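Chemist: Here's the letter readout for the chains.
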Amino acid sequence: MDEEEKSLSLVLFSGTDDKLSAAAVLAVGAAAMGRSVNVFLQYYALDAFRADTIRADHDLSPEATAEQAPAVKSHAGTHWSELFKQAKEVGEVRVHACALSMEMFKLEKDDLDPLVDDVEGVAAFMADATGPMVFI
Amino acid sequence: MDEEEKSLSLVLFSGTDDKLSAAAVLAVGAAAMGRSVNVFLQYYALDAFRADTIRADHDLSPEATAEQAPAVKSHAGTHWSELFKQAKEVGEVRVHACALSMEMFKLEKDDLDPLVDDVEGVAAFMADATGPMVFI
Amino acid sequence: MDEEEKSLSLVLFSGTDDKLSAAAVLAVGAAAMGRSVNVFLQYYALDAFRADTIRADHDLSPEATAEQAPAVKSHAGTHWSELFKQAKEVGEVRVHACALSMEMFKLEKDDLDPLVDDVEGVAAFMADATGPMVFI
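Chains as they are written, first to last, in the working numbering: chain A, 23 to 158; chain B, 23 to 158; chain C, 23 to 158.
Note that these hints are calculated values from the structure, not bench results. Fair warning: this is a prediction, and the values are worked out from it, not measured in the lab.
Taking lysine to aspartate or glutamate and the EDC-like style, the derived pairs with C-alpha atoms no more than 20 Å apart in a straight line are:
#  : chain 1 : residue 1 : chain 2 : residue 2
1  : B       : Lys-95    : A       : Glu-125
2  : C       : Lys-110   : C       : Asp-135
3  : A       : Lys-95    : C       : Glu-125
4  : A       : Lys-110   : A       : Asp-139
5  : B       : Lys-110   : B       : Asp-150
6  : C       : Lys-110   : C       : Asp-139
7  : B       : Lys-128   : C       : Glu-89
8  : A       : Lys-110   : A       : Asp-140
9  : A       : Lys-128   : B       : Glu-89
10 : C       : Lys-95    : C       : Asp-39
11 : C       : Lys-128   : C       : Asp-74
12 : C       : Lys-110   : C       : Asp-150
13 : B       : Lys-28    : A       : Asp-150
14 : A       : Lys-128   : A       : Asp-74
15 : A       : Lys-28    : C       : Asp-150
16 : C       : Lys-128   : A       : Glu-89
17 : A       : Lys-95    : A       : Asp-81
18 : A       : Lys-28    : A       : Glu-114
19 : B       : Lys-107   : B       : Asp-74
20 : B       : Lys-28    : B       : Glu-114
21 : A       : Lys-110   : A       : Glu-142
22 : C       : Lys-28    : B       : Asp-150
23 : A       : Lys-107   : A       : Asp-39
24 : B       : Lys-107   : B       : Asp-132
25 : A       : Lys-107   : A       : Asp-79
26 : C       : Lys-95    : B       : Glu-125
27 : C       : Lys-107   : C       : Asp-133
Next up, chain A with everything else stripped away, as it sits in the complex (with noise of 0.2 Å):
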């Protein structure tokens, strides 16, 4: 794996508790590898990391049925904002929130947890994702 193999980008679209918990286990372990993780923060995703509801409850999947929400929301694990603080902890990863969907929302920088690095537009965004790019 070369250097560029080695970085992973992280386009977070969806905004639920399972999905940035999937998101983030994703980023801790790129980051334990070495691997370098830039993270675009678009849509639903961004709308999760206002500063003053970050740590609130963003629900399930809507696919997650009612056998199934119990075991997750009960799962005691890390939450998903402590595991990217740790993920920045041990390795390069750099969280970007899209330009585009901070005026969608009219959110200023200001509104954002710290975990979010600065906004940025696309292009920005794709002249860095050299390695895998996942949706999510």
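Based on the hints, put chains B and C in the right spot on chain A.
Modeler: Structure of chains B and C alone, referenced to chain A:
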């Protein structure tokens, strides 16, 4: 980034306007950065590319909440079909309909919007998918 | 395409029949083109691989509309579990259960269909994920 990594493959499964917009933004961003884009339309995404209804309301992802939906719906952005058109004008962007999904929805090539270049099987798609592959 | 790019990693999160079918078609297509495939089962996708219910009805994505669902459900395609079996016969396809999701659903390896090769953590999965990574 070598030639192969510059290529971006988008497997589109979802047919809602928000996910198709997110996909179109990635396609435009990649094309603008000189990357070739290889789109494969399956299931609900293929259904959304019907010639007669491509501009119809395709709703939002079921996870959109009552608070989020109005912001997304009222955002005066360019329609995703227009973004795909722009991406094709800017760069090398090919849109393929999945043969299996065509059969599923009993569609013929002429039923689809001219944005769709051809119908192909998954093996042909895979043969061209040399760079990152994104499933939306 | 070099050896590493030939590998394809599929992170399966969704447990609905349509998304699992789309994933299985990608796995078969990749295996047929001589690519190795590395599957990682999380959340609802892991739950769908239970030995006793793998062939049960796992419903469709919540976005399927009343117009679309009948076409998808009535399409006489090969079941996704059969497609994964074919992919394993054709090529080098490994199916791993995510250790964290196993814990979440209180599952043991023996509860899962024999299609699943082993249980592993995300770091082990990441170490093998050298090519494109697709999240479904």
